[in-house]
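**Q** Listed in order, the protein sequences are those of chains A and B. The first sequence maps to residues 1 to 281 in my numbering. The second sequence maps to residues 1 to 281 in my numbering.
I should point out that these hints are in silico values taken from the structure, not numbers from a laboratory. Warning: the hint list may mix true and false statements.
Which copy is meant is left open, so a pair is good if it fits within one copy or across any two.
Unchecked claim - Computed list of lysine-lysine pairs in DSSO-like fashion (alpha-carbon distance at most 27 Å, straight line):
{"hint": "1", "residue 1": "Lys256", "residue 2": "Lys106"}
{"hint": "2", "residue 1": "Lys172", "residue 2": "Lys40"}
{"hint": "3", "residue 1": "Lys14", "residue 2": "Lys172"}
{"hint": "4", "residue 1": "Lys204", "residue 2": "Lys14"}
{"hint": "5", "residue 1": "Lys90", "residue 2": "Lys40"}
{"hint": "6", "residue 1": "Lys106", "residue 2": "Lys39"}
{"hint": "7", "residue 1": "Lys271", "residue 2": "Lys3"}
{"hint": "8", "residue 1": "Lys172", "residue 2": "Lys271"}
{"hint": "9", "residue 1": "Lys3", "residue 2": "Lys185"}
{"hint": "10", "residue 1": "Lys123", "residue 2": "Lys185"}
{"hint": "11", "residue 1": "Lys90", "residue 2": "Lys106"}
{"hint": "12", "residue 1": "Lys185", "residue 2": "Lys40"}
{"hint": "13", "residue 1": "Lys256", "residue 2": "Lys185"}
{"hint": "14", "residue 1": "Lys3", "residue 2": "Lys256"}
{"hint": "15", "residue 1": "Lys106", "residue 2": "Lys14"}
{"hint": "16", "residue 1": "Lys259", "residue 2": "Lys90"}
{"hint": "17", "residue 1": "Lys58", "residue 2": "Lys259"}
Number of protein chains: 2
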Amino acid sequence: MIKYYSVNGELVPKEEASLNVSDLAILRGYGMFDFFLVKKGQPLFFDDYLDRFERSAKLLNLEIPFSREALREQIMQVIRANGMQEAGLKLVLTGGYSGDGYAPAKPNLVIVQSPLPNYPSTKYTDGVKLMLHEYHRSLPTAKSINYIVGINLLPQMRAAGAEDVLFYFNEKIYETTRANFFIVKNDDTIVTAGEGILAGITRKKTLEIIPGNYRVEVRDLTLGELKTAREAFITSSTKNIMPVVLVDDITIGSGKPGKVTQHLMQLLEEKVQQYLAQPVG
Amino acid sequence: MIKYYSVNGELVPKEEASLNVSDLAILRGYGMFDFFLVKKGQPLFFDDYLDRFERSAKLLNLEIPFSREALREQIMQVIRANGMQEAGLKLVLTGGYSGDGYAPAKPNLVIVQSPLPNYPSTKYTDGVKLMLHEYHRSLPTAKSINYIVGINLLPQMRAAGAEDVLFYFNEKIYETTRANFFIVKNDDTIVTAGEGILAGITRKKTLEIIPGNYRVEVRDLTLGELKTAREAFITSSTKNIMPVVLVDDITIGSGKPGKVTQHLMQLLEEKVQQYLAQPVG
């Protein structure tokens with residue numbers, strides 16, 4: 001049971017974790033976040049996520065109101081208080097209590113713990129469908145809270161039986177609303193977009209396990225290539241590597257999760273276990 | 001002195017007007033708003049704004065949790081409680097306390113009153129500068145809280161001495177971050193974008209005062225036309241009609257507010273006074 005969140009460094013019962021309505025996240029959608037898993041009570045790939053959190057803050061001209069050490073300690077305090085060994089943890093940094101309702105002020109920092117989503121195993125054994133939508137995120141390299149297009153498409157996505165929405169623009173495939181996207185070509189080469197995307201940490205870990213096993217190309221990926229791809233998959237912190245077998249009405253390869261994808265799923269799981277086996281420090 | 005806001009129909013001291021951090025505005029920037037002026041204690045062009053608020057809610061798949069009459073009464077309650085005859089009033093409707101942090105739930109409704117911004121008169125007598133930026137808003141016809149691009153550009157905008165950022169995309173000029181944009185051509189024809197924009201209420205009122213005085217074209221407006229425009233202006237609830245004399249390094253006409261713009265400024269003021277002279281009810 002999750003009972004506590006943290007607001008500006010103070011542990012509070014989650015019902016009391018609130019921000020005044022003058023916060024710029026509420027008035028202008030101006031804010032950013034990061035999200036990682038807690039496994040065996042430890043944040044997974046902790047430094048990678050803290051690095052990205054700091055990068056996003058710079059891109060949005062927001063100053064994190066705590067040192068990295070203080071932030072790390074606040075996160076561990078929330079994890080200890082809730083006593084939940086396996087969970088999700090989200091850091092949110094907002095534009096703060098703006099004087100004029102537009103210009104950012106001193107940011108508010110919120111830490112929220114949540115249960116892990118439990119994806120049915122069939123999503124991994126059968127693969128999932130994605131829905132295409134023409135859109136390119138604003139300030140894509142920052143993990144901003146701007147999800148307006150993806151959330152607005154939820155009714156269509158559900159109607160289509162899709163797991164997520166895949167964004168493309170000017171023939172280039174970028175990413176989904178909450179995951180990075182990869183294809184595997186006929187010659188086993190793996191391709192994923194290099195620019196104009198949010199660089200996921202699970203994407204990063206996937207790119208680390210590929211060398212020595214497969215060829216990889218990190219570069220613009222086109223809609224045309226999707227039609228001839230033999231395999232496809234998405235990567236995210238909660239989904240890990242999830243096979244994609246259908247994009248709109250385009251069947252990927254045989255319509256089943258491919259061998260390369262399955263191999264990478266196993267290699268990624270080993271990488272996670274390796275991290276968790278390290279001494280904590 | 002503004003002392004009270006309203007949250008979900010309850011008048012509360014503004015310091016206590018807060019939303020739990022699980023609200024989708026804070027977690028995912030999912031929400032919308034509207035903003036109008038209060039003059040002589042009365043909301044100006046009240047029904048136009050309430051109409052637009054309802055349109056935005058439909059576009060964002062959010063259900064306003066009160067009837068129009070109840071909403072109207074809550075707004076008047078805030079105005080009476082604060083006793084401020086001239087002010088700004090903002091309605092915010094958020095994605096609510098989402099169970100999974102992504103799908104909208106029952107929306108939260110917030111009413112916030114604020115002092116009117118006081119623009120120096122020189123902005124009207126000398127005109128202002130705009131800064132061009134290539135961007136087209138997502139879901140432009142809904143008044144969403146997504147201002148991430150505009151707010152992120154504040155440092156550059158200030159450095160350029162610009163009053164606002166003018167968005168164009170694929171050679172088409174759309175709108176500024178918080179205003180609509182008009183040009184006046186050499187033959188006195190007035191042009192403003194028709195699609196892909198937020199239809200401002202001050203834009204609407206401006207379009208109502210033009211017929212009988214000038215020709216108007218509501219259609220795509222190109223960057224090329226900006227260079228040969230004789231006058232330009234922006235319209236917004238707080239700025240009314242504000243003359244534009246410089247866009248990046250493009251001087252508009254003589255570099256001074258034009259005659260047509262000044263005429264429209266006067267006609268709009270008359271339209272406001274007409275509205276205020278109507279019996280309330």
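**Q** Can you name, in rising order, the numbers of the hints this structure does not satisfy?
**A** Of the numbered hints, 1, 2, 3, 4, 6, 7, 8, 9, 12, 14, 16, 17 do not hold.
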